[in-house]
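Once you have looked at the hints, place chain B on chain A.
Here the protein sequences line up with chains A and B, keeping their order. Position 47 (the first sequence) corresponds to 51 in our numbering; numbering is contiguous. Position 11 (the second sequence) corresponds to 15 in our numbering; numbering is contiguous.
Simulated from the structure, these hints should not be mistaken for lab results. Beta carbons are placed, not taken as given, at the ideal position from N, Cα and C, and that holds for glycine. Do not take every clue at face value.
[Said to hold, decoys possible] Chain A is faced by these chain B residues, among others (derived, beta-carbon under 7 Å):
#1 67
#2 72
#3 73
#4 76
#5 78
#6 81
#7 106
#8 118
#9 120
#10 122
#11 124
#12 126
[Unchecked claim] Non-contacting residues of chain A with respect to chain B, defined by C-beta distances greater than 10 Å in every case (computed):
#13 30
#14 114
#15 129
Letter by letter, the chains look like this.
Number of protein chains: 2
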Amino acid sequence: MNNAELASVYEDYIACLNAQDWTILGRFVADDVEHNSSVLGLPGYRNMLEDNFAEIPDLQFSVELLVVEPPHIASRLRFNCSPSANFLGLRINGRTVSFAENVFYEFREAKIARVWSVIDKAAIEDQL
Amino acid sequence: MNNAELASVYEDYIACLNAQDWTILGRFVADDVEHNSSVLGLPGYRNMLEDNFAEIPDLQFSVELLVVEPPHIASRLRFNCSPSANFLGLRINGRTVSFAENVFYEFREAKIARVWSVIDKAAIEDQL
Numbered sequence: 005m006n007n008a009e010l011a012s013v014y015e016d017y018i019a020c021l022n023a024q025d026w027t028i029l030g031r032f033v034a035d036d037v038e039h040n041s042s043v044l045g046l047p048g049y050r051n052m053l054e055d056n057f058a059e060i061p062d063l064q065f066s067v068e069l070l071v072v073e074p075p076h077i078a079s080r081l082r083f084n085c086s087p088s089a090n091f092l093g094l095r096i097n098g099r100t101v102s103f104a105e106n107v108f109y110e111f112r113e114a115k116i117a118r119v120w121s122v123i124d125k126a127a128i129e130d131q132l
Numbered sequence: 005m006n007n008a009e010l011a012s013v014y015e016d017y018i019a020c021l022n023a024q025d026w027t028i029l030g031r032f033v034a035d036d037v038e039h040n041s042s043v044l045g046l047p048g049y050r051n052m053l054e055d056n057f058a059e060i061p062d063l064q065f066s067v068e069l070l071v072v073e074p075p076h077i078a079s080r081l082r083f084n085c086s087p088s089a090n091f092l093g094l095r096i097n098g099r100t101v102s103f104a105e106n107v108f109y110e111f112r113e114a115k116i117a118r119v120w121s122v123i124d125k126a127a128i129e130d131q132l
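Just chain A, same shape as in the assembly:
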């Protein structure tokens, strides 16, 4: 899979998240996916995402910068959203915050197999 093909798969994955179309998540995410060194598996990964949308009803993923070198993608994601109560241990209570996530993905057979994510918590704290 070349750069453009892998980027296209990733764009479809992001569209799947934004549509909360969990029935097709398995097209993009491996059965034994790891997230920040925890083996979540596909059901655990789906639970994590569903929890994110439960905590943040207006959550949308927006790709600000994409760096593609198969089998890896690095993505800088931008969020402008309003967590209804707590998020990352911070009391947000419905305020709108803007923050980035810098995240790496390792693909295996066109599916996300490993994820290393860091959310810019300090940027959120600065807005509270």
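Just chain B now, kept in the frame of chain A:
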């Protein structure tokens, strides 16, 4: 500049940081460099790095994962170090902590022109 050449420049940049060889920093960093949307310029960038080493005497940069797509590089850096007092607003007081930084670089004429960095502050908090 192809992937291997850009990766090689980046490896030399990391070696420069670990040697604290500030006299050659300008080989790798543009005069008008921006860091997290602040225009630091080369002197400001050097000051930031010198402050990092003042706060963390045993600071060393270790590349865990590199994704290269010219003109961009994404790097997952790993730190095992002992900030002597405060770091990111947290009281560390000489304890050894392990954390990652997920960071994107945009190169222009083989020099770092823009940087978007996120440090895993939540991981540090979990260790305190």
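Hints versus structure:
1. Contact between residue 67/B and chain A, as hinted, is not supported at the beta carbon level, the nearest pair being about 12 Å apart and thus beyond 7 Å.
2. About 5 Å separates the beta-carbon of residue 72/B from the nearest beta-carbon of chain A, less than 7 Å, and the hint is met.
3. The closest approach between the C-beta of residue 73/B and any C-beta of chain A is roughly 5 Å, which is under the 7 Å cut-off, so the hint is satisfied.
4. Nearest Cβ of chain A to the Cβ of residue 76/B: about 5 Å, under the 7 Å cut. The hint holds.
5. Of the supplied interface hints, the one on residue 78/B holds, with its beta-carbon coming within about 3 Å of a beta-carbon of chain A, less than 7 Å.
6. Residue-level restraint check for residue 81/B is violated (minimum Cβ-Cβ distance to chain A is 10 Å; threshold 7 Å).
7. A cut of 7 Å between beta carbons decides the hint on residue 106/B: the least distance to chain A is about 4 Å, and the hint holds.
8. With a cut of 7 Å, the hint placing residue 118/B at the interface with chain A is violated, because the nearest CB-to-CB distance is about 10 Å.
9. Nearest Cβ of chain A to the Cβ of residue 120/B: about 6 Å, under the 7 Å cut. The hint holds.
10. Interface hint at residue 122/B: satisfied, since its Cβ lies 4 Å from the closest Cβ of chain A, which is below the 7 Å cut-off.
11. The criterion of a C-beta within 7 Å of any C-beta in chain A is met by residue 124/B, whose closest approach is roughly 5 Å, and the hint holds.
12. Checking residue 126/B against chain A: minimum C-beta separation of about 5 Å stays under 7 Å; hint holds.
13. Chain B leaves residue 30/A outside its interface by the beta-carbon criterion, the shortest separation being 25 Å against a cut-off of 10 Å.
14. Listed as a non-interface residue, residue 114/A keeps its Cβ farther than 10 Å from every Cβ of chain B; the least gap is roughly 17 Å.
15. A beta-carbon of chain B comes within 10 Å of the beta-carbon of residue 129/A; the shortest separation is about 8 Å.
Violated hints for the displayed structure, listed by number in ascending order: 1, 6, 8 and 15.
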